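Trainee: Chain X: place on chain E using the hints.
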Amino acid sequence: MALLQISEPGASAEPHRHRLAIGIDLGTTNSLVATIRNGLAVCLPDEEGRALLPSIVRYRADGGIEVGRRAVAQQAVDPRNTIVSVKRFMGRGIRDVTHIEAMPYIFEDTPGMLRLRTVQGSKSPVEVSAEILRVLRARAEVSLGGELIGAVITVPAYFDDAQRQATRDAARLAGLEVLRLLNEPTAAAVAYGLDNAAEGVYAVYDLGGGTFDLSILRLTHGVFEVLATNGDAALGGDDFDHRLFCWILDRARIAPLSIEDASHLQMKARATKELLTTCDEVPIKLKLDSGEEIDVLITRAEFAEMTRPLVHKTLGLTRRALRDAGLAVSEIKGVVMVGGATRMPHVQRAVAEFFGQEPLINLDPDKVVALGAAMQANALAGNHGANDDWLLLDVIPLSLGLETMGGLVEKIIPRNSTLPVARAQDFTTFRDGQGAMAFHVVQGERELVADCRSLARFELRGIPPMAAGAARIRVTFQVDADGLLSVSAREASSGVEASVKVQPSYGLSDDEIADMLKAGIERAGDDMAARALNEQRVEAERLIEATLRALASDGALLDAKERAAIDSAIDALRALCAGADTRALGVGIAALARATDEFAARRMDRAIRGALAGHKIEEI
Amino acid sequence: MSVTLTEAAARHIANFIAKRGKGVGIRLGVKTSGCSGMAYKLEFVDEKFEDDIIFDSHGVKVVVDQKSLVYLDGTELDFVREGLNEGFRFNNPNAKNQCGCGESFNV
Numbered sequence: 000m001a002l003l004q005i006s007e008p009g010a011s012a013e014p015h016r017h018r019l020a021i022g023i024d025l026g027t028t029n030s031l032v033a034t035i036r037n038g039l040a041v042c043l044p045d046e047e048g049r050a051l052l053p054s055i056v057r058y059r060a061d062g063g064i065e066v067g068r069r070a071v072a073q074q075a076v077d078p079r080n081t082i083v084s085v086k087r088f089m090g091r092g093i094r095d096v097t098h099i100e101a102m103p104y105i106f107e108d109t110p111g112m113l114r115l116r117t118v119q120g121s122k123s124p125v126e127v128s129a130e131i132l133r134v135l136r137a138r139a140e141v142s143l144g145g146e147l148i149g150a151v152i153t154v155p156a157y158f159d160d161a162q163r164q165a166t167r168d169a170a171r172l173a174g175l176e177v178l179r180l181l182n183e184p185t186a187a188a189v190a191y192g193l194d195n196a197a198e199g200v201y202a203v204y205d206l207g208g209g210t211f212d213l214s215i216l217r218l219t220h221g222v223f224e225v226l227a228t229n230g231d232a233a234l235g236g237d238d239f240d241h242r243l244f245c246w247i248l249d250r251a252r253i254a255p256l257s258i259e260d261a262s263h264l265q266m267k268a269r270a271t272k273e274l275l276t277t278c279d280e281v282p283i284k285l286k287l288d289s290g291e292e293i294d295v296l297i298t299r300a301e302f303a304e305m306t307r308p309l310v311h312k313t314l315g316l317t318r319r320a321l322r323d324a325g326l327a328v329s330e331i332k333g334v335v336m337v338g339g340a341t342r343m344p345h346v347q348r349a350v351a352e353f354f355g356q357e358p359l360i361n362l363d364p365d366k367v368v369a370l371g372a373a374m375q376a377n378a379l380a381g382n383h384g385a386n387d388d389w390l391l392l393d394v395i396p397l398s399l400g401l402e403t404m405g406g407l408v409e410k411i412i413p414r415n416s417t418l419p420v421a422r423a424q425d426f427t428t429f430r431d432g433q434g435a436m437a438f439h440v441v442q443g444e445r446e447l448v449a450d451c452r453s454l455a456r457f458e459l460r461g462i463p464p465m466a467a468g469a470a471r472i473r474v475t476f477q478v479d480a481d482g483l484l485s486v487s488a489r490e491a492s493s494g495v496e497a498s499v500k501v502q503p504s505y506g507l508s509d510d511e512i513a514d515m516l517k518a519g520i521e522r523a524g525d526d527m528a529a530r531a532l533n534e535q536r537v538e539a540e541r542l543i544e545a546t547l548r549a550l551a552s553d554g555a556l557l558d559a560k561e562r563a564a565i566d567s568a569i570d571a572l573r574a575l576c577a578g579a580d581t582r583a584l585g586v587g588i589a590a591l592a593r594a595t596d597e598f599a600a601r602r603m604d605r606a607i608r609g610a611l612a613g614h615k616i617e618e619i
Numbered sequence: 000m001s002v003t004l005t006e007a008a009a010r011h012i013a014n015f016i017a018k019r020g021k022g023v024g025i026r027l028g029v030k031t032s033g034c035s036g037m038a039y040k041l042e043f044v045d046e047k048f049e050d051d052i053i054f055d056s057h058g059v060k061v062v063v064d065q066k067s068l069v070y071l072d073g074t075e076l077d078f079v080r081e082g083l084n085e086g087f088r089f090n091n092p093n094a095k096n097q098c099g100c101g102e103s104f105n106v
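As given, the protein sequences belong to chains E and X, one line each in that order. Heads up: the first sequence at position 128 corresponds to 127 in numbering that gives the first Met the number 0, and the numbers run straight through without jumps. Heads up: the second sequence at position 66 corresponds to 65 in numbering that gives the first Met the number 0, and the numbers run straight through without jumps.
It should be emphasised that the hints constitute simulated quantities derived from the structure, not laboratory data. Any given hint might turn out to be false.
To be verified - The following label-pair restraints were derived from C-beta to C-beta distances: (1) E:284 - X:13: 41 to 49 Å; (2) X:30 - E:174: 27 to 35 Å; (3) X:17 - E:196: 14 to 22 Å; (4) E:174 - X:75: 32 to 40 Å; (5) E:111 - X:18: 40 to 48 Å; (6) E:249 - X:13: 51 to 59 Å; (7) X:13 - E:96: 46 to 54 Å; (8) X:75 - E:9: 19 to 27 Å; (9) X:79 - E:252: 52 to 60 Å.
What the hints assert, rightly or not - Within a straight-line C-alpha distance of at most 27 Å, the following computed DSS-like cross-link-like pairs (lysine-lysine) qualify: (10) X:18 - X:60; (11) E:332 - X:21; (12) E:332 - X:18.
Predicted, not measured: the structure shown is a model, and the values here were computed from it. Virtual Cβ for every residue (Gly too), placed ideally from N, Cα, C.
Chain E on its own, in the form it takes in the complex (with noise of 0.2 Å):
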């Protein structure tokens, strides 16, 4: 028998018709599902009471799956089959994994997603997240009584295209209806209620427990935008862990340990810091296997000594992400902390004096990530009150565009346009009677394609033949409220369509996103010559084209003499292009056009004779 759950006023479900939702954080660390229940947002715990699940999948030889807190037991026994933090291999290739050496794992290089070969097969990352969200799924209709109408699961905010259809379709084959993709720092804005606090800009600083991200969202109306995002994908509270080993090791000068002590020490390294939160001093006792004994003992302060570099590069990408945003720090409403890393009081020291302002800590900071998706979840749902129809923006974390002539590119949608979002812009063909037009689909902020990622191509068909530049060709962009793009283009006399749901070649990692942003802002005087030597070659080619189209038909109306003297113009420019003189290939351009002015006049005239003859002065 259902139990039943108190509604907001007026919004009592109809029996039957309750429409349950969810919200999932699925974390590098750990995962945690949320709902809203009598009102309020609250985490689902498992049967003993724990709302973390860890991230950690093992596949056992028996054909048995193990998820959270049984696979971190068998870590140690067999790391090869029990996949920690698959997280950093969705959406990526063998390529875009960092320090991939040092893993127990043995990885197909499979075209798009890497995969994982365990004693259960090959697995992809895709299959091992959705083991993760099965149990959470479990959890919450267990916990709920009933069928699942969807989820809000979360990413983080500078997760591709890729990384985001891997998320959505680990879902997918988990049974879970996702309602909504939405970035983290949204999702922990949420939860702290921002969305109905003053209009501003706002940080999210989520130290996790082997990630750090740094989001600048800006409310406006209600609506939150990302308008930066920095970040160390290595960074976590798993360093500070280490460092403290590192120290006890020194402090108790004991040699190189074997891996059962060392995982001893690094639990003990743990424990010692989550108690530092509460205790001035914590003295560290542990014998080890080998016989030796530790006793030390550390202080707080020692510990933020020590770990003080890691708190230092959080707030050096912070600054980043400000200056990115073109932000001061003055500028900056409120802080929201996210991550159990944050509760450490040295870091959470550390911000308040870089903002300038207490951060907000009230909330759970491992668990205020799923808060706000289940709230987010709720509303789209449909469960929400008659006031807080809200509704979420996010962003596109790269521009978007098309490869044009000259391997430039152009941007159809730019870094930081709100989604959903749609654009089109107007094209047309190079070549008289062109009757197919490729298109290249790229993501990134340089000039040049090959700077950029390419996400896509397709090709437009059946185009009619017509002269060079007068087809219209209207190419339409288009990312939904969940970040993904497709792309169409129509000729406007013909009717002729194409499109391409971009199904992106997986493969940019976060620094790879960051280096890309980053070289686009240094090399922007670069790409700038670039673009203008690409433009003048475009032009270049083009004239003469054009040239040797009119010089086919009108030949005759030249002596050899100015026939000469156009043929060696082309000659010059056609050698200009070959070089990267850009100044010279426009003095070039001009001479060729200057060369064939007077073929041109003729021609011209010709042309009005050849359309007057025969008719009356009056008819005209």
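Mentor: Only chain X this time, still in chain E's reference frame:
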């Protein structure tokens, strides 16, 4: 005529209202729908209406409109846990048969 809360239900409701940050009590009601004819309504109360009748149970204001009261008289609202699931249950002496779902009934 009366409608009451068990102590557990009252404690949870008071807690939910406090965390919600607003609300003057809990509304119990019925509406006609569902597989057995009537369906229960359980909502926070931000404003009271003219035909509302208010009971006090363990310090929580229980609001019932007059039409619903006919069907709810003598009802006790309980808060129960069943495994991972938890929520409220209507113990209604007027209900002749309930559908298995517990969300609707008839008199």
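Trainee: Does residue 21 of chain X lie within 27 Å of residue 332 of chain E when you go C-alpha to C-alpha?
Mentor: holds (26 Å)
Trainee: Range hint 27 to 35 Å: satisfied by the CB atoms of residue 30 of chain X and residue 174 of chain E?
Mentor: holds (32 Å)
Trainee: Hey, residue 332 of chain E versus residue 18 of chain X, does the alpha-carbon distance stay inside 27 Å?
Mentor: holds (25 Å)
Trainee: Tell me if the beta carbons of residue 13 of chain X and residue 96 of chain E are separated by a distance inside 46 to 54 Å.
Mentor: Check passed, 51 Å falls within 46 to 54 Å.
Trainee: For the pair residue 174 of chain E and residue 75 of chain X, does the Cβ-Cβ distance stay inside 32 to 40 Å?
Mentor: With a Cβ separation near 38 Å, residue 174 of chain E and residue 75 of chain X satisfy 32 to 40 Å, so the hint holds.
Trainee: CB of residue 75 of chain X to CB of residue 9 of chain E, is that within 19 to 27 Å?
Mentor: holds (25 Å)
Trainee: That 40 to 48 Å hint for residue 111 of chain E and residue 18 of chain X (C-beta), does it hold up?
Mentor: holds (46 Å)
Trainee: Between residue 284 of chain E and residue 13 of chain X, does the C-beta distance stay in 41 to 49 Å?
Mentor: holds (45 Å)
Trainee: So the hint says 51 to 59 Å: do the beta-carbon atoms of residue 249 of chain E and residue 13 of chain X match that?
Mentor: Holds - the Cβ-Cβ distance for residue 249 of chain E and residue 13 of chain X, about 54 Å, lies within 51 to 59 Å.
Trainee: Range first: 14 to 22 Å. Now tell me if the beta carbons of residue 17 of chain X and residue 196 of chain E are that far apart.
Mentor: holds (21 Å)
Trainee: Would the pair residue 18 of chain X and residue 60 of chain X pass a check requiring their Cα atoms to be no farther apart than 27 Å?
Mentor: holds (16 Å)
Trainee: Starting from the range 52 to 60 Å, see whether the pair residue 79 of chain X and residue 252 of chain E falls in it by beta-carbon distance.
Mentor: holds (58 Å)
Comparing the model with each numbered hint stated earlier shows that all of them hold.
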